[in-house]
Amino acid sequence: MNKPDLSLEELADANKSEFDRLFATQMALGTPIAAGGSAQTLTSPHLTEKVTDNAPSAVGPHITTLLTDTYAKAWSYEIVEHNVEPGEVRVLCRLTAMGQTRMQFGTAVNDGNIGIALQRATDDALARCHADLAPNTHADFVSAHGHQSTPQVPGPGPTDALRQSEHISRVRKANTRAGDDVEKSVPYIVETALRSARGEMEIVLVRSAMSSGIRLQRDAGTMIADANGHLLVGHTETDLPKMLRASMPDLAPGDVILHSDPYSPGGAGGHLNDWAVVTPIFLGTRLVGFSSAYGHMTDIGSESLGSNSVTTHSIFGEGLRVPPIKLYNNGKLNHEALAILASNTRAPAANHNDLMTLVAVTKIGEARVLELCARFGEQSYTRASEILLEQTHRVMRAIIPKYFPIEPQSFEDYVDDDGCGNGPFRLKVTIWREEDKAYLDWTGTDAQAFGPINLHLQESTLQNLVGRYLLRRIDPEMEPSGGGNSLFDITLPEGSLIKAAFHAALGSRRHVLGRLRDVINGVFSHSADSLVVAAGESNQGLLTFIPEDATQGIALTETHFG
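Take the working numbering: the last position of the sequence shown gets the number 1042, and nothing is skipped along the way.
Watch out, some of these pointers could steer you wrong.
[Stated by the list, open to error] DSSO-like mimics (lysine-lysine), calculated; alpha carbons at most 27 Å apart, straight line: (1) 882 x 908; (2) 812 x 722; (3) 843 x 722; (4) 843 x 812; (5) 882 x 917; (6) 806 x 843; (7) 722 x 806; (8) 722 x 917.
Keep in mind the hints are simulated off the structure, nothing from the lab.
Whole structure, please, built from the sequences with the hints as guidance.
The following block contains the structure:
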């Protein structure tokens, strides 16, 4: 992250009446803003002066004034995490007051003055924490720039400003406000609350994991889906509806699913090291959604430390395959399954820790969805989820005619080697559209490799990937759902490099996956060059350090990104 240039002159010119308070905050935060690092505890003494010049009382008091009025001097907060991007500043705050603690995200538009934006985001997060701690108090507030805060990314706990709005109250009190009568603001609140929940899930996953693949390389992900398994926020390599239909028709409250086999119906991760956990979300006995997380395990057996052999030619040589199983059945842990998992790894403690972390992370998503159902009612939440899918569908229908050509156009590129002396291997895609339907045909891609670089992609994975590629280049803030997937018709030739037939090796599939993204980028250079960016390294070098005495079972693995 680039270090922000926060001059005192800029802060003063931006908002003179707030200069002293902002300066005190910046001094307390210090350089960790640039480094994205340690949390700093900020207490109230420098932050409790009432805003007079730029904060009219008709709009609402400043959040720090509200905190002082509510808790006197018995409150403090920490900046737990922050992220400064060109268009947005995002802050995770922990508020401690009267012996209770709440943690929420806050966001603000980054208009060039990072100090102002940071304080706005901090105020936003504090207001959300305050709303959780004291739901019956007034929570309208004035941000550091002297304007009333507009919630952008509500966390799982709602702000009182939203609670007190008449239309939201009506939706919350009456579970009959479904269908077309759902207030326009409810889907927005649900979407941003789900985004915040996903962010919370990822933070817990990364900070709790022992695997360097999860903790350092971020080879992990989270998602929340609707009751049909359709993606609402996040990302996954599993075709969840297909997996559920084939393997888990009898779900019940308390169930937790574990799977890792890419060749099982619906797939799992890209290779066996990626363990995926899925928790069905029940409101009573009614299924309302799914919460899922996956992460790269340290070791799952096989002949090589880290389970990433570059010479294996079969998935049977890559470690333990886990089909969809119930790790928890009606809330009861499957100890026999745990014993099998622990017996097939060189790192049983690390794998156990990371597996339980995945379970805990999905439980966070479950809790946040149930909170939304309790707040708005089950029917309103369900309808809001449908609207999120419909919105992505409408956006995709508008994008496809703009960027997909009527006449077919193709692009191809190559992967040099499969690790076993074979290659190069061609990846080729042809795109076109028919009205608002987009087609991506990978016919012409070479047959699967002997070595472990193959992919076994699900069509839904490519649908999500292409949809995200288009939306993020048009609006980086947009969080695409799976609602537009049906508009993409994907052809993946069976037995090819990207749809390998069982039992082809998949362990080093990252080489082909990186090049596949470049091929998608390249094919749009003919019809939509404004979308295209320069190709990256398209590859990830994996460095594994093993001591001379390999019997110790110790390995240090690092991934090189270019």
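Structure-based check of each hint:
Proximity of residue 882 to residue 908 is assessed by CA-CA distance (about 22 Å); at most 27 Å being required, the pair is judged to hold. A distance of roughly 25 Å separates the Cα atoms of residue 812 and residue 722; the hinted pair therefore holds under the 27 Å criterion. With a CA separation close to 22 Å, the supplied pair residue 843 and residue 722 stays within the 27 Å bound. Distance check on the hinted pair: residue 843 and residue 812 sit about 15 Å apart at the alpha-carbon level, within 27 Å; holds.
Annotation: proposed proximity of residue 882 to residue 917 holds, straight-line Cα distance about 12 Å (limit 27 Å). This hinted pair checks out: residue 806 and residue 843 have alpha carbons roughly 15 Å apart, not beyond 27 Å. The hinted pair formed by residue 722 and residue 806 meets the criterion: a straight-line CA distance of about 17 Å does not exceed 27 Å. Between residue 722 and residue 917 the alpha-carbon distance is near 22 Å, which keeps this suggested pair within the 27 Å criterion.
Going down the numbered hints, you'll see the structure goes against none, and every one checks out.
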